[in-house]
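Modelling step: build the complete structure from the supplied sequences, incorporating the hints.
Heads up: the sequence shown begins at 1 in my numbering, then just goes up one per residue.
Don't read these hints as lab results, they were simulated from the structure.
Using C-beta positions, here's what the derived DEER-type ranges look like:
(1) Arg19 / Gly57: 49 to 57 angstroms
(2) Ala26 / Ser50: 37 to 45 angstroms
(3) Leu14 / Pro38: 36 to 44 angstroms
(4) Asp32 / Ala6: 38 to 46 angstroms
Beta carbons: idealized from backbone N, C-alpha and C, even for Gly.
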Amino acid sequence: MPQVIALVVIGAGLYAGYRWVSRTIAKGQRRDQRRVTPKDLGPLEYDAKSGVYRPRGE
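Encoded structure:
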């Protein structure tokens, strides 16, 4: 009988750990999704002198 109790306790611990890990991963993914929104720079023009695209100064 003690083996059954130990198995139940271990199973409950594994399930709680699984739920904690899945919540932590989901929280990280939500944080990454919020951070990904790109900033709109408007129209860009190529600066031949520096070799990069820059926002068009109007």
